[in-house]
Structure formats: structure tokens, C-alpha cells
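2 protein chains.
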Amino acid sequence: MIEKLALIGIGLIGSSIARGARRAGLAKTIAISTRRAETLDEARALGLGDIYTTDAAEAVKDADLVILCSPVGSYEAIAKQIAPHLKPGAILSDVGSVKGHVVDVVGPHVPAGVHFVPGHPLAGTEHSGPSAGFADLFENRWCVLTPPEGTDPGAVETLSAFWKGLGSNVEAMSPGHHDMVLAITSHVPHLVAYNIVGTVDDLEQDTKSEVIKFSASGFRDFTRIAASDPVMWRDVFLTNRDAVLEMLGRFLEDLSVLQRAVRVGDGEALETLFTRTRAVRRSIIAAGQETAAPDFGRPHGDAKPAEPGSE
Amino acid sequence: MIEKLALIGIGLIGSSIARGARRAGLAKTIAISTRRAETLDEARALGLGDIYTTDAAEAVKDADLVILCSPVGSYEAIAKQIAPHLKPGAILSDVGSVKGHVVDVVGPHVPAGVHFVPGHPLAGTEHSGPSAGFADLFENRWCVLTPPEGTDPGAVETLSAFWKGLGSNVEAMSPGHHDMVLAITSHVPHLVAYNIVGTVDDLEQDTKSEVIKFSASGFRDFTRIAASDPVMWRDVFLTNRDAVLEMLGRFLEDLSVLQRAVRVGDGEALETLFTRTRAVRRSIIAAGQETAAPDFGRPHGDAKPAEPGSE
Chain A
1 MIEKLALIGI GLIGSSIARG ARRAGLAKTI AISTRRAETL DEARALGLGD IYTTDAAEAV
61 KDADLVILCS PVGSYEAIAK QIAPHLKPGA ILSDVGSVKG HVVDVVGPHV PAGVHFVPGH
121 PLAGTEHSGP SAGFADLFEN RWCVLTPPEG TDPGAVETLS AFWKGLGSNV EAMSPGHHDM
181 VLAITSHVPH LVAYNIVGTV DDLEQDTKSE VIKFSASGFR DFTRIAASDP VMWRDVFLTN
241 RDAVLEMLGR FLEDLSVLQR AVRVGDGEAL ETLFTRTRAV RRSIIAAGQE TAAPDFGRPH
301 GDAKPAEPGS E
Chain B
1 MIEKLALIGI GLIGSSIARG ARRAGLAKTI AISTRRAETL DEARALGLGD IYTTDAAEAV
61 KDADLVILCS PVGSYEAIAK QIAPHLKPGA ILSDVGSVKG HVVDVVGPHV PAGVHFVPGH
121 PLAGTEHSGP SAGFADLFEN RWCVLTPPEG TDPGAVETLS AFWKGLGSNV EAMSPGHHDM
181 VLAITSHVPH LVAYNIVGTV DDLEQDTKSE VIKFSASGFR DFTRIAASDP VMWRDVFLTN
241 RDAVLEMLGR FLEDLSVLQR AVRVGDGEAL ETLFTRTRAV RRSIIAAGQE TAAPDFGRPH
301 GDAKPAEPGS E
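Line by line, the protein sequences give chains A and B. Going left to right, the first sequence walks through residues 1 to 311 as UniProt numbering numbers them. Going left to right, the second sequence walks through residues 1 to 311 as UniProt numbering numbers them.
The reader is advised that the hints may include incorrect statements.
Pairwise CB distance ranges, derived in the manner of DEER restraints [claimed, not checked]: (1) B:Ser131 to A:Ala287: 35 to 43 Å; (2) A:His177 to B:Asp202: 14 to 22 Å; (3) A:Ala287 to B:Asp202: 15 to 23 Å; (4) B:Arg35 to A:Ala293: 27 to 35 Å; (5) B:Ala279 to A:Pro88: 41 to 49 Å; (6) A:Ala293 to B:Gln205: 23 to 31 Å; (7) B:Glu149 to A:Arg260: 30 to 38 Å; (8) B:Asp62 to A:Arg260: 41 to 49 Å; (9) B:Gly265 to A:Ala293: 39 to 47 Å; (10) A:Asp55 to B:Gly297: 32 to 40 Å.
Hints listed in this document are in silico derivations from the structure and should not be mistaken for laboratory results. Glycine included, each C-beta is placed from N, C-alpha and C at the ideal position.
Make a model of the complete structure from these sequences and hints.
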């Protein structure tokens, strides 16, 4: 059990950690810090922690585990601010979607005696903010840790046990490897989804209305991904540029081949690819990372228009 | 109520029509025809109809409504085969994802006195075959009809009432307009999803295993779309080439701009797009075409590895 846990940032991920840690009894005291007073008020109203402050330096005081849960672009400034206030022996971690950049900008500020163990829970929804979090978010999902060489194994073990307590499976790898794997599993898919939804948004108004109306198949799924937090994703692309451009390059090469197959009417090439891809989904279901239910288990026959103001 | 309904093809869509029509009492007799004897046996075992035959000409005999539910590439041959056996006054329709091509290849074979009203229910899942269908599939989904000019309004009305009986909303438009709207809402998203899953499938084996393992975010959703029926989708791209290439061209132009924004680190451009796209999803939810639940309402915390052999 952690004596004092400090969460810097309390959006979807931070608030899910707070809820999960509270439910599983993983931390005695939870300190919550975020820059905006309204967000902090929201966290307080939800009863997510024990200590609430807009001052990150105050939140980390005496904390045994500090987790940065704000967008990656804010990490460097936060690291500078909290560094002098970190307790010797404390573990400093994060939940950012890129890891090489985090090591580069946070690492140099970590004082001797503090254990820096970057992390990334592969979990989330398209919603954001403190009220979007839930205690089950990390269950049966992977959390990747990227401890720099020479990190104290005890600190890695403590953090690993914390994530397992939240329901996660934990795996360690190098930051560079993490960033390449995530570029293709997450970053390029998001870029492509944002792009296609943008293409639709640029259509003439009449066509656009019809696309929204008739969005049942395919496009609708892309809009979920493209509804993810804009600032978080801006930061991902600003900080994992090389791996994203490398994987995007492969994707575009392949798409040129496919475009040509459509143009020349090469049905055999199309059918071969479409058969191959089906097997990949089966592997993901077999790996326990996806529901086998059709259409994600999405409700059929009872989708109702949302209440005004709900999201 | 239709006296005799004939379904030519009994996969996900055909079997969902059969189940829905039976449940709602829309047809007195349902004749089911499919080319492969095993598929017909499966349909019979499921009790989907009243008459079962591998001979489409026999199935359409005396039928008041004939719906082609096989892949679009099979339509021309089927139209030739059934044309002499269609009852005068019968309605001939289909469920194909492209409409211009269907008008071109089926239209010329339709005998005088038979009403040809092409249709396309915008509904489906990534599963296929007779057992994948369910009666709720069309509820609250759109069905687009593309009657050629001069079609008997009574026949359009009868078909429209049939689809409304299955729970659908019905709208009529021209085949060309349908094909352009569907190219961007459905065909290009499928092409892109197939492509990215193919890119992953081409990665070195080690990386590929990790991508599958860590597929939680983004990529996992694409694999659902890319698990759709290969033959059906081959036919879509072979028969809606011009509209697909036009929309793919727009998509690629936009992607080049986005690629450049990533390369030069233009955070403002990225954030602006990512904010804009969020609004599109809200419109789809407001239009009642999507669940407001996070992550499609996908189960969290209880995804279990699938049973071997289940899909």
C-alpha cells in the first residue's frame, strides 16, 4: 500500500487511477493537483481524493508515488516545478502515450534519490475530464513501463504492483520500442481517423449532413477515435514525430498499392488482402484484448438520440 | 403483408431479413435460395424460411418480392437466370452496397411488368453467414432505395413499407448520389482499415505479435472493420471504383497536409483539426445513429479470451 499518492492532472486517466486505487485500497492518502480551478472543483465534487490543490509542488510533498496524468506537452514545466519538492525515495511516473520524449524532458530534472519509472496504461475512451473516469478502465489492459537502465528494481516492482492492483497486466520495454509499437497500434490509426473525419467536415454542407445521417458503416467508428482529447493527441504527434512518420510512410506505400488495385480492378489482390486482415482480428480476440461480440457489443435496435448537453 | 418473399443469398443480411420478416409477420411464405448446399443446410437448420432451394429460378416462382442478398458481383448472372421466371407485377430489389452498377447490370434483364427497385440497408456487423443474422439488425438504421425514373410509385411504397416493418427508416435518392455518399461514409473507411491492418500484417513477426498484444487503442477498432466479408468488399471496390477513387483522392490530399503538420511540428493546425472532428461525432450521436456510451458501450473489465473456434 502506498502511503501518499499524488496525481498531477485529473482527466480521464488520472480520475480512473484515483477511483481504482481507492476501490482496491492501494493508497492511504490521494493528493490531486490540476492547473485549472474548475477541474479541481469537479474532482473535489466527485470525491476523487483527500487533498486538492492547484499547486503541484504542494501535492507531491511527502508523496511516495507521483504520477503525471496531464498532457505530455506539460510535463517539462511540471517536472521543473516539482523536482525540488520530491521526497527522497519517491517514485515518479507518468501515463503519457509517448515515452522517449518523456525520458528526454523529465529525466534531467529528476533529483538523485528519486526513482523515475515512466509508464503508459494502454486504456482510455473517447471521453475526457474527471467525470469520464471509472475504476474498471485498466482491467485486463496492458500497462507498459519503460524504466531507464539502472533503475532500482524495487521501485519498478512497487509501481508494477500498483498497476496490477488496478487490474492491469504489466510489461517493461525500452522507450524507443514502445514508441514504435504505439505509432502503429495507436498514433497512426488516430491520425488516419482524424484525417477522414476532417475530409468529411470539409465536404459541402448538403453532402456533410447526409454523411452524418448515413454514417452507420465504417465512418461512424472513425468518429469515435477522432473524438479523443485534442490537446493530448496534439502532444502525441508533436513528441513521437519520427516513429509516426515512419509508420505513416509504410501505411501510405501500402495504400498506393491498394489504390492501384482498385483503379485496375484487381479483384484477386483485394480479396487476398481482405481475407488476410480478418485473421488479425481473430488474433486480437484470442489474445483477450477485444470482445468477440459483433459490432463491439454496441446496442442494436435501441440507440436513441442523446439528451441535449450529454456527451 | 407479402404473400411470397424470395431471398437470393442468405448471409448476414439475408438471414436478418428472414428473421425480421418472420418476427414482424411481413411475409406469409419465405423462399430461400443460395448457391452452396452447405449454406442452404445451415439456413434450414436455423429454420429461416419455408422453402429451400439451390435453384434461384425456382425460389422466385410466384414470389411477390424478390431480394438479391448475395455479393454484388453475382447479381448479373442471377438476374439472367431468374428473369424469365419472375411473376408479372413482382418487385425485384437487392441489398447491395453500390447502386449505379446494380442498375447497369441488373436493369437490362428485368422483364416488362416487373418493378425494379434497388435498395441498400445501411446495417451490418463484421460477422457473416446465415447464423450471424438477427432480427434487430435494421432497427433505427437507414435503408436507401434508388428506384429508376418512372418506377411505379405503388411498388416503391410496398418495398418501403416492408423495410419500415423491419424497423428501418427509408429514404430515396439517385444511384449516383448514393454511391458518392457511401464512398466516403463506408467504402473509403473500409479501404483504409483494410490497408492499416495489412500494414501491420506485413511487419516482422516479433513486432506483429506485440502489435496484436498491445492493440487496445485505435488499431483494434480498425480490425473490426477489416474483418468484414472479403468477397462482398472486393465487389464493392470493383463496382464503385470512380466514387471510391474520387473520395480517396480527397482523403490523401488532406493526409498530406496532416503529414506535413506532423513533420514541421505545427501543433496549432493539429489541435484545430482534432477539435473540429470531435463535433462531427456529437452530430452523429445527436442524429440517433450512434450510442453516446463511451467506447461503443464495449465491455470493460470483463473481456475474456474467446472460446476456441468461436468467432
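Tested hints:
1. B:Ser131 to A:Ala287: 35 to 43 Å: Since Ser131 of chain B and Ala287 of chain A have Cβ atoms about 24 Å apart, the given range 35 to 43 Å is violated.
2. A:His177 to B:Asp202: 14 to 22 Å: holds, 19 Å
3. A:Ala287 to B:Asp202: 15 to 23 Å: holds, 19 Å
4. B:Arg35 to A:Ala293: 27 to 35 Å: holds, 29 Å
5. B:Ala279 to A:Pro88: 41 to 49 Å: holds, 48 Å
6. A:Ala293 to B:Gln205: 23 to 31 Å: Holds, since Ala293 of chain A and Gln205 of chain B (Cβ atoms, about 29 Å apart) stay within the stated range.
7. B:Glu149 to A:Arg260: 30 to 38 Å: At roughly 36 Å between Cβ atoms, Arg260 of chain A and Glu149 of chain B fall inside 30 to 38 Å, so the hint holds.
8. B:Asp62 to A:Arg260: 41 to 49 Å: holds, 47 Å
9. B:Gly265 to A:Ala293: 39 to 47 Å: The hinted range 39 to 47 Å holds for Gly265 of chain B and Ala293 of chain A, with Cβ atoms some 41 Å apart.
10. A:Asp55 to B:Gly297: 32 to 40 Å: At roughly 38 Å between Cβ atoms, Gly297 of chain B and Asp55 of chain A fall inside 32 to 40 Å, so the hint holds.
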